[in-house]
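Enquirer: Sequence:
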Amino acid sequence: MRPSRVHAALVALIALAAAAPTSAYLKFGYTIGTRSLVLKWPDAAPVTYVVGSRGTATVTGAEFRETVARSFATWEGVPSASIRFASGGVTDRDLADNDGVTQLAFASRPELDRTLGATSYTIDVATGTLLEADVFFNAAFPWSVAPTGQAGRFDLESIATHEVGHLVGLGHSALGETEQVGSGRRVLSAGAVMFPIAFAPGNVDGRRLLPDDIAGISDIYPDAGFRAATGSISGRVVKGGLGVYGAHVVAMHLRTGALVGGFTLDESGGFVLAGIEPGPVVLRVEPLDDADVTSFIDGPRVDANFRVAFSDKAIFVPKGGNVPSITIDVVAK
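Residue numbers for the sequence shown follow our numbering, so the first one is 1 and each next one is one higher.
Among the clues, some could well be false.
To be verified - Distance ranges between label pairs, derived from CB positions:
#: 1; residue 1: A228; residue 2: D312; range: 27 to 33 Å
#: 2; residue 1: T327; residue 2: D289; range: 20 to 26 Å
#: 3; residue 1: T256; residue 2: G152; range: 17 to 23 Å
#: 4; residue 1: A146; residue 2: D223; range: 30 to 36 Å
#: 5; residue 1: V101; residue 2: D312; range: 30 to 36 Å
#: 6; residue 1: A140; residue 2: T327; range: 37 to 43 Å
#: 7; residue 1: V181; residue 2: P79; range: 34 to 40 Å
#: 8; residue 1: G152; residue 2: A228; range: 45 to 51 Å
#: 9; residue 1: S53; residue 2: K333; range: 50 to 56 Å
#: 10; residue 1: F310; residue 2: V90; range: 39 to 45 Å
#: 11; residue 1: P147; residue 2: G320; range: 22 to 28 Å
Unchecked claim - Cut-off 30 Å, straight-line C-alpha distance, at most; resulting in silico cross-link-like pairs (DSSO-like, lysine-lysine):
#: 12; residue 1: K333; residue 2: K319
#: 13; residue 1: K40; residue 2: K319
#: 14; residue 1: K239; residue 2: K313
#: 15; residue 1: K333; residue 2: K239
Bear in mind the hints are in silico, worked out from the structure with no lab data behind them.
All C-beta atoms in this analysis are idealised placements derived from N, C-alpha and C, irrespective of residue type, glycine included.
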């Protein structure tokens with residue numbers, strides 16, 4: 001076993017994440033030779049975690065532990081996913097890498113003035129198995145656990161739910177809209193808990209999983225019926241006959257409005273969107289020009305020089321099946 005450490009972060013206005021070649025939802029992973037490995041926990045046992053005993057000036061230790069437990073319960077409550085969690089209790093220890101303990105705790109990092117929280121992993125690089133994950137929440141920020149939010153304070157449950165998404169192996173989703181504010185960006189809307197930029201203080205919308213989050217966790221840890229109950233779409237995004245790397249591809253269900261997104265992450269412009277509710281969908285392809293592209297994937301390779309495009313007709317996704325060979329042509333701006 002060869003352990004290695006990787007990191008992901010959620011920030012107030014700018015986000016950074018470790019990402020590598022994957023298919024849909026931006027699952028964390030990497031490539032060894034010709035093998036692409038997705039980071040995930042072993043299926044046999046629940047993921048056991050401990051919670052730090054300390055709170056902050058605005059959140060007590062007990063409130064912190066209760067909030068973290070709710071965030072884990074939110075992900076465990078996805079009926080089409082098989083992952084389970086177990087509380088290992090409370091600890092007074094500081095966060096420590098490579099100690100074999102998955103821990104969530106506050107740490108005061110005022111120098112990280114745009115980082116609300118971050119998740120790091122110890123992995124077996126030969127298999128992609130997650131061995132340990134640690135989540136820190138920046139105590140230098142004002143936090144709230146109020147049921148409906150509190151003006152001027154970031155919602156701890158929303159941020160914890162996002163970080164637990166990283167803990168299980170999910171990367172960032174690009175389903176959202178932002179606007180420029182000074183040197184950063186402000187969220188106008190988010191179509192997934194895993195959107196990389198946090199809502200403004202006082203907002204609690206990040207507590208509830210959306211279809212893209214549910215499809216992502218279910219795809220990594222599917223229950224027995226997930227594959228048979230959902231469908232997928234695969235294809236390419238091309239410009240001038242060549243594949244487009246880093247295009248954001250979104251399936252919008254025409255009956256429910258549910259959105260599931262993914263990326264083209266190879267030189268052929270190939271994509272796979274899985275976990276889609278059966279029925280008619282339309283595909284939208286857009287450039288990653290509304291955020292720091294390194295929040296999602298390797299920035300220098302991303303082609304954002306094209307106009308938004310759509311599939312030329314509705315696509316019917318079959319239950320338990322795949323719609324292959326969809327090609328969407330885009331043109332330069």
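Enquirer: For every hint, state whether the structure bears it out.
Expert: Hints versus structure:
{"no.": "1", "hint": "A228 <-> D312: 27 to 33 Å", "verdict": "holds, 29 Å"}
{"no.": "2", "hint": "T327 <-> D289: 20 to 26 Å", "verdict": "holds, 22 Å"}
{"no.": "3", "hint": "T256 <-> G152: 17 to 23 Å", "verdict": "violated, 36 Å"}
{"no.": "4", "hint": "A146 <-> D223: 30 to 36 Å", "verdict": "holds, 34 Å"}
{"no.": "5", "hint": "V101 <-> D312: 30 to 36 Å", "verdict": "violated, 52 Å"}
{"no.": "6", "hint": "A140 <-> T327: 37 to 43 Å", "verdict": "violated, 48 Å"}
{"no.": "7", "hint": "V181 <-> P79: 34 to 40 Å", "verdict": "holds, 38 Å"}
{"no.": "8", "hint": "G152 <-> A228: 45 to 51 Å", "verdict": "holds, 47 Å"}
{"no.": "9", "hint": "S53 <-> K333: 50 to 56 Å", "verdict": "holds, 53 Å"}
{"no.": "10", "hint": "F310 <-> V90: 39 to 45 Å", "verdict": "violated, 51 Å"}
{"no.": "11", "hint": "P147 <-> G320: 22 to 28 Å", "verdict": "violated, 40 Å"}
{"no.": "12", "hint": "K333 <-> K319", "verdict": "violated, 37 Å"}
{"no.": "13", "hint": "K40 <-> K319", "verdict": "holds, 26 Å"}
{"no.": "14", "hint": "K239 <-> K313", "verdict": "holds, 19 Å"}
{"no.": "15", "hint": "K333 <-> K239", "verdict": "holds, 11 Å"}
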